[in-house]
Amino acid sequence: MLPKDIHEKESLLIAGIMSGTSLDGIDVAFVEISGEPGKPDYRLRSFHSVPYNPALREQLLKAYDGTLPSRDVFHLDKLLGDRYASAVKNGAIEAGISMAAIDVVGLHGQTIYHDPPNGVTVQIGSAAVVAEELHTVVIDDFRTADIVAGGEGAPLVPFCDVMLLAHPSRNRIALNIGGIANLTWLPAGTSIENLVGFDTGPGNALIDAAMRELRGLDFDEEGKLASEGSVDQRLLLSVLSDAWFQTPPPKSTGRELFGEERGREIARRARADEIEDATVIRTLTQVTARSIIEALERFIVPCREIDEIVVSGGGAKNSTLMQALVELAPETSIITSDSLGLPGDAKEAIGFALLAWATLHGVHNNVPSVTGASGKRLLGSIRCPKVV
Numbered sequence: 001m002l003p004k005d006i007h008e009k010e011s012l013l014i015a016g017i018m019s020g021t022s023l024d025g026i027d028v029a030f031v032e033i034s035g036e037p038g039k040p041d042y043r044l045r046s047f048h049s050v051p052y053n054p055a056l057r058e059q060l061l062k063a064y065d066g067t068l069p070s071r072d073v074f075h076l077d078k079l080l081g082d083r084y085a086s087a088v089k090n091g092a093i094e095a096g097i098s099m100a101a102i103d104v105v106g107l108h109g110q111t112i113y114h115d116p117p118n119g120v121t122v123q124i125g126s127a128a129v130v131a132e133e134l135h136t137v138v139i140d141d142f143r144t145a146d147i148v149a150g151g152e153g154a155p156l157v158p159f160c161d162v163m164l165l166a167h168p169s170r171n172r173i174a175l176n177i178g179g180i181a182n183l184t185w186l187p188a189g190t191s192i193e194n195l196v197g198f199d200t201g202p203g204n205a206l207i208d209a210a211m212r213e214l215r216g217l218d219f220d221e222e223g224k225l226a227s228e229g230s231v232d233q234r235l236l237l238s239v240l241s242d243a244w245f246q247t248p249p250p251k252s253t254g255r256e257l258f259g260e261e262r263g264r265e266i267a268r269r270a271r272a273d274e275i276e277d278a279t280v281i282r283t284l285t286q287v288t289a290r291s292i293i294e295a296l297e298r299f300i301v302p303c304r305e306i307d308e309i310v311v312s313g314g315g316a317k318n319s320t321l322m323q324a325l326v327e328l329a330p331e332t333s334i335i336t337s338d339s340l341g342l343p344g345d346a347k348e349a350i351g352f353a354l355l356a357w358a359t360l361h362g363v364h365n366n367v368p369s370v371t372g373a374s375g376k377r378l379l380g381s382i383r384c385p386k387v388v
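Mapping of the sequence shown onto our numbering: residues 1 to 388, in sequence order.
These are computed hints drawn from the structure, not numbers from a lab.
Worth double-checking, as some hints may not be accurate.
Heads up, simulated DSSO-like pairs for lysine-lysine below, C-alpha to C-alpha not over 27 Å straight-line [said to hold, decoys possible]:
| hint | residue 1 | residue 2 |
| --- | --- | --- |
| 1 | 89 | 224 |
| 2 | 9 | 78 |
| 3 | 39 | 376 |
| 4 | 39 | 9 |
| 5 | 386 | 9 |
| 6 | 386 | 78 |
| 7 | 89 | 78 |
| 8 | 78 | 62 |
| 9 | 376 | 89 |
The structure presented is a predicted model; accordingly, all values stated were derived computationally and were not measured.
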């Protein structure tokens, strides 16, 4: 049962928690939300990020790959719940926010398996633990309701992109480049009903995996190694030949297809073929850029206009990747969400705060035109720390 006063407040302070497919850490956005349930106003109060330590990241990679024993997965679920709660507490202290002031937590969790055709998606990071430790209402499990309604369960952020990035006179693409890249087409003056959105393929996941295999590093900082290499056309085309890229939306993907083992295997084969490390990373960077632009050309451009592409996520910090996008789409303005006042690192965490707000107010928050679900659904499960 929800606290009696939660619907009586003019505004709510919601902590949105996101940990994505890049497996780089936990992002917490403290967002003040008010206004109409379906058209809220928001203000980012503070943003806090906590990197995963190497041991935890290794466990998560094994969970993704299916090599972590089930008992260890259960313990990891509890451990992540603790880490999420600690991230909120530390972020609140850093921002001077009282824990009592936080009304709700919107928790995505950490995806370890995503198989929409078979109606399955799994996120770990116990919401019950978070609710108990923070003494706060927690809304989690945002993907399942869409998937059981025949949808992909992803991407979910297009629901929020309308509020965050839609423009009255410009047709925008909201492009998020995390471990997996996804986009939302936002026509000028858009409403949620006419959105188009889908995953485009690998974002940083293959690059990061190859960096771990070749250099023992978790990522190519600012695209520096890639900038020293050239594109190997044979390797590029071999990755882009995957039939998934030709599949029309609605569609989603994850580390099951573009994950650690595939990235490492590409790197191992390239090294065996005596391809230089920098060229491997440059080529995988081009895979990300090409798959994004080709997805636009294949599924958006033929019948929809694009004035600018707004990039967020870790990929926006990769100068080589950003330059590749510019070169592949020279007639389209490509900017970062930061340049519009929306911190790219915080965008998805803000999104899950907004999704939680919608759930709390009974607003359908999936987008069937994006996910392919059979209809509108209310996403998320509400957990309370005690009976009120």
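Hint by hint, here is what the structure shows:
| no. | hint | in the structure |
| --- | --- | --- |
| 1 | 89 / 224 | violated, 35 Å |
| 2 | 9 / 78 | violated, 32 Å |
| 3 | 39 / 376 | holds, 17 Å |
| 4 | 39 / 9 | holds, 16 Å |
| 5 | 386 / 9 | holds, 20 Å |
| 6 | 386 / 78 | holds, 19 Å |
| 7 | 89 / 78 | holds, 17 Å |
| 8 | 78 / 62 | holds, 16 Å |
| 9 | 376 / 89 | violated, 34 Å |
Checked against the numbered hints listed earlier, the structure breaks hints 1, 2, 9; every other hint is satisfied.
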